[in-house]
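> So the protein sequences, as listed, match chains A and B. Letter by letter, the first sequence follows residues 3 to 173 in this note's numbering. Letter by letter, the second sequence follows residues 145 to 590 in this note's numbering.
EDC-like cross-link-like pairs, simulated, lysine to aspartate or glutamate; straight-line CA separation at most 16 Å: (1) B:Lys244 <-> B:Glu587; (2) B:Lys588 <-> A:Glu16; (3) B:Lys244 <-> B:Glu586; (4) B:Lys244 <-> B:Asp427; (5) B:Lys588 <-> A:Asp14; (6) B:Lys336 <-> A:Asp137; (7) B:Lys336 <-> B:Asp166; (8) B:Lys244 <-> B:Glu435.
If you're looking for bench data, these hints aren't it; they were derived computationally from the structure. Predicted model only: the values in this text are computed from it and were never measured.
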Amino acid sequence: MSSYGVLAEFRDAEGLLAAARRARAAGHRRVEAYSPYPVEGLAEAVGFRRNWVPAIVFVAGLLGGLGGYFMQWYSAVLSYPINSGGKPLHSWPEFIPVTFEMTILAGAVVGFLGMLLLNGLPRLYHPVFNVPEFDLASRNRFFLCLRDVAPEDARRFLGTLAPLAIWEVPR
Amino acid sequence: MSDVAAPLRRWSYASVGDKIADIVLTRPARWPWLAGFAASFAGTLALFGAIAWLFIKGVGIFGINIPVAWGFAIANFVWWIGIGHAGTFISAILLLLRQKWRTSINRFAEAMTLFAAGIAGLFPILHLGRPWFFYWLAPYPNVMELWPQWRSALVWDIFAISTYLIVSLLFWYAGLIPDLATLRDRATSRVKQLLYGLFALGWRGEARHWARHESAYLLLAGLATPLVVSVHSVVSLDFAICIVPGYHSTIFPPYFVAGALFSGFAMVLTLAIPMRHFFGLEDFITLRHLENSAKVLLACGWVVAYGYFIETFTAWYSGDPYEIAMAQDRLTGFYAPAYWFLLACNVLVPQLFWWRRARRSVWLLFAISIVVNLGMWTERAVIVIQSMHRDFMPSSWGLFIPTVWDWTILLGSIAFFAFLFLLFLRFLPAISISEMRELVHEEKAQ
Numbered sequence: 003m004s005s006y007g008v009l010a011e012f013r014d015a016e017g018l019l020a021a022a023r024r025a026r027a028a029g030h031r032r033v034e035a036y037s038p039y040p041v042e043g044l045a046e047a048v049g050f051r052r053n054w055v056p057a058i059v060f061v062a063g064l065l066g067g068l069g070g071y072f073m074q075w076y077s078a079v080l081s082y083p084i085n086s087g088g089k090p091l092h093s094w095p096e097f098i099p100v101t102f103e104m105t106i107l108a109g110a111v112v113g114f115l116g117m118l119l120l121n122g123l124p125r126l127y128h129p130v131f132n133v134p135e136f137d138l139a140s141r142n143r144f145f146l147c148l149r150d151v152a153p154e155d156a157r158r159f160l161g162t163l164a165p166l167a168i169w170e171v172p173r
Numbered sequence: 145m146s147d148v149a150a151p152l153r154r155w156s157y158a159s160v161g162d163k164i165a166d167i168v169l170t171r172p173a174r175w176p177w178l179a180g181f182a183a184s185f186a187g188t189l190a191l192f193g194a195i196a197w198l199f200i201k202g203v204g205i206f207g208i209n210i211p212v213a214w215g216f217a218i219a220n221f222v223w224w225i226g227i228g229h230a231g232t233f234i235s236a237i238l239l240l241l242r243q244k245w246r247t248s249i250n251r252f253a254e255a256m257t258l259f260a261a262g263i264a265g266l267f268p269i270l271h272l273g274r275p276w277f278f279y280w281l282a283p284y285p286n287v288m289e290l291w292p293q294w295r296s297a298l299v300w301d302i303f304a305i306s307t308y309l310i311v312s313l314l315f316w317y318a319g320l321i322p323d324l325a326t327l328r329d330r331a332t333s334r335v336k337q338l339l340y341g342l343f344a345l346g347w348r349g350e351a352r353h354w355a356r357h358e359s360a361y362l363l364l365a366g367l368a369t370p371l372v373v374s375v376h377s378v379v380s381l382d383f384a385i386c387i388v389p390g391y392h393s394t395i396f397p398p399y400f401v402a403g404a405l406f407s408g409f410a411m412v413l414t415l416a417i418p419m420r421h422f423f424g425l426e427d428f429i430t431l432r433h434l435e436n437s438a439k440v441l442l443a444c445g446w447v448v449a450y451g452y453f454i455e456t457f458t459a460w461y462s463g464d465p466y467e468i469a470m471a472q473d474r475l476t477g478f479y480a481p482a483y484w485f486l487l488a489c490n491v492l493v494p495q496l497f498w499w500r501r502a503r504r505s506v507w508l509l510f511a512i513s514i515v516v517n518l519g520m521w522t523e524r525a526v527i528v529i530q531s532m533h534r535d536f537m538p539s540s541w542g543l544f545i546p547t548v549w550d551w552t553i554l555l556g557s558i559a560f561f562a563f564l565f566l567l568f569l570r571f572l573p574a575i576s577i578s579e580m581r582e583l584v585h586e587e588k589a590q
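Please take these sequences and the hints and turn them into a complete structure.
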């Protein structure tokens, strides 16, 4: 049976952060860290570089706004021109509210879905859930998972970081 | 800040989460909740019964006619959507301003927003003569080859309300995902594990996930911030764009937004005070939270009072006989008692909050929050109804007298709101667990 990786449990966020930094410094490339609340600097410590969420929200908002304006212009000027109170067909100030709403709507929906997609969620099954103690990752324990070395080497290295416990994660 | 979080020193990551999660998972339903649930369920049934009768008979069951074609339904709509403002204001704007005290009240305020905005969204549809055609307001490819009229405030309205609902829902759900994972891991029954697990989407708290989650949450807050201001501005344009005296006023957008925050914070207090009492959450929702909300009420109350003043002043200053007649009728006419009542509720009573003792007296806060809710509903009703009952031609003047169906649907909507909120308290964590852990962490670090 091949294993997913080796998991070490820590008592607090500072312990996990220090351990993650040491693992990266020791040359480990595939490191994952789990915590019950966001810990500042932890993502960078395990090698997270490019956060695409802001960029896709910006692009989606832009496209949503342009699309919303285009929809109104197309329908009011080309597809269904109708004289309303003598106003010009392309009465742009009155197209602003819908343009604004479409900007926000597209940015928010794509931002939310993009965050899930980049995170690989929804994914109801994941090997780390095979470790019963991992339930505490959503309560008060902090976990570090080494994935790029043989289980014995990973155990030896993690043992030097003073964890509470070490488990092998079965696939 | 430290004053707010000071009681948190007694709590740890585990105990703070367990306390909040156990309200949902293990605490048996006790009689206050059961009594509230039974009463609100009965009211909800009355609401749906009245809606069924409305669909059978048409809007003639309401007291509306010409000239007062907009009655309680529109006043209810404006009132509910206003209440729906405080949640996003607390969540988004206070998040961006780094007001950490918001952490323990944002989750239930967001739920309040969602329910209030959803109920608000029902009313324009209920008020349509042919509600089954409500989707004609949306742009969609149709064989009639028609498009919505983009110059109409009603079309802006449907875009504003539906965007607000969707964005509020996403914001709320994004914040809930890590907490649902906590509930999944802590639940002991199979059904709960499955249901919470399904909605937690497999969240496991990986560092990269948290980083993306945090930036998405912050961006949603940034997007929701202008949205909060825009929604009630657009609602106010439904009125301000008309030429009816009493509607046609440039103060309306800011005045409506301030009124929305005013009634929204009042509703936050109305809900928070019983909730912290019955579920023992005094360490999380502290007196300082209540006091801050009272200060917001006081400030918003003054903006609203300024709105009342400017409305009347502008009517006089315009020299327009119709505007002046409308303002005089508001102060002395048939609906004048309602106007003086709302002035007392919204301007006079909140002045008690100048005293620190009043701001820190829980039951006085609760009583004033109810008074403000009543006052704000009356304000919406006066704007909608009183403005229309006398327009330019004396021959077309008329009165609006609410019928039993007007009252049933108003009170039923309040019961439905309470019903949804009580269910929320039992099935979802009313306070954000992961954000409370952060607060505990910071408090320990100090």
